[in-house]
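Kindly generate the complete structure, drawing on both the sequences and the hints.
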Amino acid sequence: MNKKSLKVLEFEKIKETLKKYTASSAGKALIEELEPYESSYEVRRALKETEEALKLLGKKGNPPFEGLYDVRDAIERAGKGGTLMAGSILKIGNMLRCARNLKDYIGRKEQEEAYPLLENICEGIVPLKSLENSIFNIIISEEEIADSASTTLYNIRKALREKNSSIRDKVNDFIRSNSKYLQENLYTMRGERYVVPVKAEFKGSVNGLVHDQSSSGATLFMEPITLVKLNNDIKELMLKEKAEIERLLAELSAKIYENINAVNIDSKIVWEMDFIFAKAKYASDINGICPEVNDDGSFDIVEGRHPLIDRNIVVPSSMELGKEFTSVVITGPNTGGKTVTLKTIGLMHIMALSGILIPARENSSIAFYKEIFADIGDEQSIEQSLSTFSSHMTNIVNIIEKADKESLVLFDELGAGTDPTEGAALAISILEYLKNRRVKIIATTHYSELKVYGLKTDGVENASVEFDVETLKPTYRLLLGIPGKSNAFEISKRLGLIDNIIDDARTLISTDSLKFEDVIENLQSKSIKAERDAMLASSLKEQSMTLKEEYEKKLKSLEKVREREINEAKREARNLLRAAKEDADKILKDMRDLEKLGYSSEARGLLEIERKKLKDKLEKHEEKIDLSSKTKGKGIKEVKLGMDVMLPSLNQKVTIISMPDSKGEVQVQAGIMKINVKVKDLTEISSTEDIKQNKIKSKREVKLNMRTTSSSVDLRGMDGQEAEYTVDKYLDEAYLAGLPEVSIIHGKGTGILRKVINDLLKAHPHVKNYRLGEYGEGGSGVTIVQLK
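All residue numbers for the sequence shown refer to this note's numbering, where the first residue is 21 and numbers rise by one.
To be clear, the hints were calculated from the coordinates, so they are not data collected in a lab. C-beta atoms are modelled at their ideal positions from N, C-alpha and C, and glycine is treated no differently. Please note that the accuracy of each hint is not assured.
To be verified - Between beta-carbon pairs, the in silico distance windows are:
#1 E204 / N82: 53 to 59 Å
#2 M105 / S234: 34 to 40 Å
#3 E62 / R381: 54 to 60 Å
#4 E62 / E570: 22 to 28 Å
Below you can see the structure in the form of structure tokens.
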């Protein structure tokens, strides 16, 4: 990709922002080298890696990059057999621990979502737990080695502590007995030796060695002769301690050298993951999505937002190219909206081609272009003595030489800076030449001639940026298929120019030109209305489809519950009947036994009669159980269209909307659902009172649920997966309880948990709309959800 376009489209600013999300300078170095990939395969892979990392952030939170440093120089030195300083070895240990933890973080457990690309990258990590332990057991910090690092070091330091304690006792005794010769009753250190501050005039009174003197010369820092041997012993022990530490560091450096290949691989993987997760964190902040990548030169960006413009004021714009047309001419007044659109499209492509997710709506796509050329902005060059037009034309000549069918060319104010008639003719010729070479082009201009060119030329489409004449400001909404109107007369009138001047100006323009501008204005208003109507229709269609799917799910669920309850009731009834029969048989057996003991046969006959009555009664109850669900209500004698009947299986009134077919089935309308049922399964409506009672009962159940369901749910402390499950279950309960509005408390934090919840709410069937909490409601730490 040519450097000029990357600079003009401000890709460097995107990279500088990305660097803020890295954990190491090695990750920053990878971002600094980032450029669009050279094949569509690499682009798709890089985008998918970033998307997987974004999902992991939502599910598991931030990856374990704590304590990660750039240790490339230390690894290089260790690879040459050199001995490393304690700080460098400790940083390598931290990197190895990070690599091992990262492998566990990415590693998939049973029934977890798969992240194949990231798992494949981390597969190469070689855990070096033994080396890690050796490092952390020996080195505590960059300045401190553990006493337990070795037996020798432990003994040296123990002896040092004893010597220091002994020498402090001796020096304190010396101070007490010679205080009259001292400037102050204290001791200090000079050259790692204990000394006392002796007054210069008493130098001869103190037997010792002078190590230093004060700036005034009034104080001499002397080492009493009685302390010399102890100081020498301490110095010797310190040299031994240093030698032992150097030996330990050399030993650790040798272990790193022995595992240098694994250390190298682990470090590169960790930095690569730091780079990938930096892109994912950035994507989370800009609500980025993973676009499709087309190889045919076509793209469709839906509601793309320029990532460098404040998200609170940026206006989304949509653009497509490459299917029905390969060139777009954006016309209209110089309001700034056209240039922003050009830069948005160009930057979106460079970001995506570099593996960065783009701020747009789902189902957006970009094209794989080997080159993106941009002629945008004021290119006047004082050094080369070139005018704006000459500088632009130099750039255009370079573009014409290099652009081909795998290129996207962005022209800002093509043909500007010279005579309007000649500039317009030149612009048309340039566009036509590049179009014939199958180059994809988006050009902005304010020349009316290019509007006509866009209307009458195949493969070329007009577009404009909507302008509000009332406020004299662009809305920045891109209108595809409509050429822009200059609005010069309307703007001048709004700004106070007198009507006479405007009327005179109108007379100087040909009638055809005025009519053409009026046609454009009419087209714009109709297009805007049609677009709004289409959006409303699409929204209503989505809502109806969502409701339909929701009711179909509920219907299936109700049918399952009903069938389960009926079967359970039948089972219990049969058990009761079976128990009753067994009791009756037992009673009869007992009576026979009593008869043997002297009861008459007449009594036995009476018991048999009673037993038969009991048996007949039980059999009748069994028949009722088997037929209860089939004989509820009267069957339909005659089927009529529009007839209201009862469907016992749903306990609901339905309307017949078709005559019976060959299978004896009719189609009925149940709410918004249409279902096929057999005529024999329908019954006449017995009375309106039953329906009313059912409704009253239903309302009573809803009110009961409202009392037991909380109006808020707290997710703080949960990971993404647990929070997602909790919110989904809670919304079902709140919906069934009839709650109109609920609060989801997720906290502020890094915003990862909030994004997971927002992604769930976008597609949830019970959610009407949602927003962040306002002041007094919890602010950005709470999402307020309005239920349907």
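Hints and how they fare:
{"no.": "1", "hint": "E204 / N82: 53 to 59 Å", "result": "holds, 54 Å"}
{"no.": "2", "hint": "M105 / S234: 34 to 40 Å", "result": "holds, 36 Å"}
{"no.": "3", "hint": "E62 / R381: 54 to 60 Å", "result": "violated, 25 Å"}
{"no.": "4", "hint": "E62 / E570: 22 to 28 Å", "result": "violated, 42 Å"}
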